[in-house]
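Number of protein chains: 2
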Amino acid sequence: MSLSLNQRTTKRWTVEQAVAGCVRHGIEAVGLWREEVAEQGLAESAKLVREAGLRVSSLCRGGFLTRGDRAALDDNRRAVDEAAELGAACLVLVVGGLPGVAPGQAPGAAASRDLAGARATVAAVLDVLAPYAGERGVRLALEPLHPVYCPDRAVVSTLGQALDLAAPYPQEWVGVVVDTFHVWWDPQVFEQIARAGARIASYQVCDYLHPLPADVLLGRGMMGDGVIDFPPLTRAVLAAGYGGDIEVEIFNAEVWAADPDEVVTTMKERHARVVF
Amino acid sequence: MSLSLNQRTTKRWTVEQAVAGCVRHGIEAVGLWREEVAEQGLAESAKLVREAGLRVSSLCRGGFLTRGDRAALDDNRRAVDEAAELGAACLVLVVGGLPGVAPGQAPGAAASRDLAGARATVAAVLDVLAPYAGERGVRLALEPLHPVYCPDRAVVSTLGQALDLAAPYPQEWVGVVVDTFHVWWDPQVFEQIARAGARIASYQVCDYLHPLPADVLLGRGMMGDGVIDFPPLTRAVLAAGYGGDIEVEIFNAEVWAADPDEVVTTMKERHARVVF
Chain A
69 MSLSLNQRTT
79 KRWTVEQAVA
89 GCVRHGIEAV
99 GLWREEVAEQ
109 GLAESAKLVR
119 EAGLRVSSLC
129 RGGFLTRGDR
139 AALDDNRRAV
149 DEAAELGAAC
159 LVLVVGGLPG
169 VAPGQAPGAA
179 ASRDLAGARA
189 TVAAVLDVLA
199 PYAGERGVRL
209 ALEPLHPVYC
219 PDRAVVSTLG
229 QALDLAAPYP
239 QEWVGVVVDT
249 FHVWWDPQVF
259 EQIARAGARI
269 ASYQVCDYLH
279 PLPADVLLGR
289 GMMGDGVIDF
299 PPLTRAVLAA
309 GYGGDIEVEI
319 FNAEVWAADP
329 DEVVTTMKER
339 HARVVF
Chain B
69 MSLSLNQRTT
79 KRWTVEQAVA
89 GCVRHGIEAV
99 GLWREEVAEQ
109 GLAESAKLVR
119 EAGLRVSSLC
129 RGGFLTRGDR
139 AALDDNRRAV
149 DEAAELGAAC
159 LVLVVGGLPG
169 VAPGQAPGAA
179 ASRDLAGARA
189 TVAAVLDVLA
199 PYAGERGVRL
209 ALEPLHPVYC
219 PDRAVVSTLG
229 QALDLAAPYP
239 QEWVGVVVDT
249 FHVWWDPQVF
259 EQIARAGARI
269 ASYQVCDYLH
279 PLPADVLLGR
289 GMMGDGVIDF
299 PPLTRAVLAA
309 GYGGDIEVEI
319 FNAEVWAADP
329 DEVVTTMKER
339 HARVVF
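Sequence lines, in order, name chains A and B.
Each residue of the first sequence is one higher than the last, beginning at 69 in the working numbering.
Each residue of the second sequence is one higher than the last, beginning at 69 in the working numbering.
There may be inaccurate statements among the hints.
Label-pair distances were calculated between CB atoms; the ranges are [stated by the list, open to error]: (1) V91(A) - P299(B): 54 to 60 Å; (2) R145(B) - E103(A): 40 to 46 Å; (3) P236(B) - E84(A): 55 to 61 Å; (4) R118(B) - D195(A): 58 to 64 Å; (5) T334(B) - E203(A): 51 to 57 Å; (6) E103(A) - G136(B): 45 to 51 Å; (7) D195(A) - E107(B): 42 to 48 Å.
Hints listed in this document are in silico derivations from the structure and should not be mistaken for laboratory results.
Built from N, CA and C at the ideal position, the CB exists for glycine as well.
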């Protein structure tokens, strides 16, 4: 498995800077974010990674499907198109939380508590989106998120649940993300990684900080700074047959405040020392 | 199911005050905490609940077994003895987090990342503790905690995992707690409640606040103040055959600051309106 820099780890870098940073540090793959790709321009971003000889290990992110409305579906179709143009190995889908609960915000007056309904909506929208992606050669990657994000970001909380959602579709259309932060606690994680096999579309690593910061979104730490024992998870992902990149995606106020080149240097060192 | 006041909901009340409060509000059962029982005196606490005609729906709590040392085992034996003297329906076990990670604290220098090892220790200690409890007529109640507490409080994170741990023992010796706060997000919760059947030793309710407060321990809210849809969970617990009390356990700075009699009045109103 080769190292990939998810550009959100070096949040201050544009696509152009992230691509140059990867080249400078000898990193062969990059995970891109739609917002930064839009700022750089889609065609320009695609040209930059192609000319640098980088793989695009993922495009982050589609999803937020639980409203089940036309706007969400249209936005995800655009995300698929962008992933196709970038030649991304997958489009990561964060499926969304309870309808009416905005990420990081208290539930609005019209917020839903219908968790089963929200999950059913995800399945229904996926049934439209999966063939759209498949026909364009884009692989959707369902990402189960840690249950602390269930209210506002993802009603898909376990790898097993993501695999159940993916099961009706060809594995080239719909895969899953194994992200150490989200799955490390799961008593079924090893059996579900084995079950996933070739469904694993992306392996993302970062540590789980404890205690979590007040904004739980920023609890993702550099490998070695938290409580996760990485080697058993990495071995399981390898044993399942995954041969893609290993992407480092860190949301963390201190990491974001640091010099991005230093962050990448630390990331490479920790990747070599802690992850395997 | 009859309402029970877990005394931690009215944190300022001693055992004597909680017992008097239950009588005053027509509540037939109380969940006690070891710390408050020790302050009141064990024999005096037992006398108070007996004379008031209250059921003790649970004693909170044993556990923190993951160090696997003699002190932890001895303390849990004492907790069993206390539960026996109080006539508690069960002794709640919060099994403990990673060794060296104190509740709510950053990991110490000697903190472990061996999650599988910590889980194995829980099983090994339970194998000693379960017969000790069974012989004294005390039912242990394994409580799976929300995965956000996995590092520091409970390496048992799902109802399915708790049931696997309980399986080797007679159900009179080892049951499980279904606590809405901890299980509401679990995609397997309904199938695991059905599987639990007569293993359900306690049904605890409180809401899941979103966003969680900075101290995630205090994210337990009054029913109706968070994101949980209670009736499907309550119906599932009833359908599984549970006929014990429904205990309200809330850790929440605002609730603790309020007048306890007002809290109990609100609790009764919400119990009637939101839970079924």
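Hints and how they fare:
At about 57 Å, the CB distance of V91(A) to P299(B) agrees with the hint of 54 to 60 Å. Take R145(B) and E103(A): their Cβ atoms lie about 57 Å apart, and the range 40 to 46 Å is violated. The hinted range of 55 to 61 Å is satisfied by P236(B) and E84(A), whose Cβ atoms lie roughly 59 Å apart. Against the hinted window of 58 to 64 Å, the Cβ-Cβ separation of R118(B) and D195(A) comes to about 60 Å, which satisfies the hint.
Look at T334(B) against E203(A): about 55 Å separates their beta carbons, and that is inside 51 to 57 Å. Range check, E103(A) to G136(B): about 48 Å between beta-carbon atoms, so the 45 to 51 Å window is met. Remark: the range hint 42 to 48 Å for D195(A) to E107(B) is contradicted by a beta-carbon distance near 58 Å.
Of the numbered hints listed earlier, those contradicted by the structure are 2 and 7.
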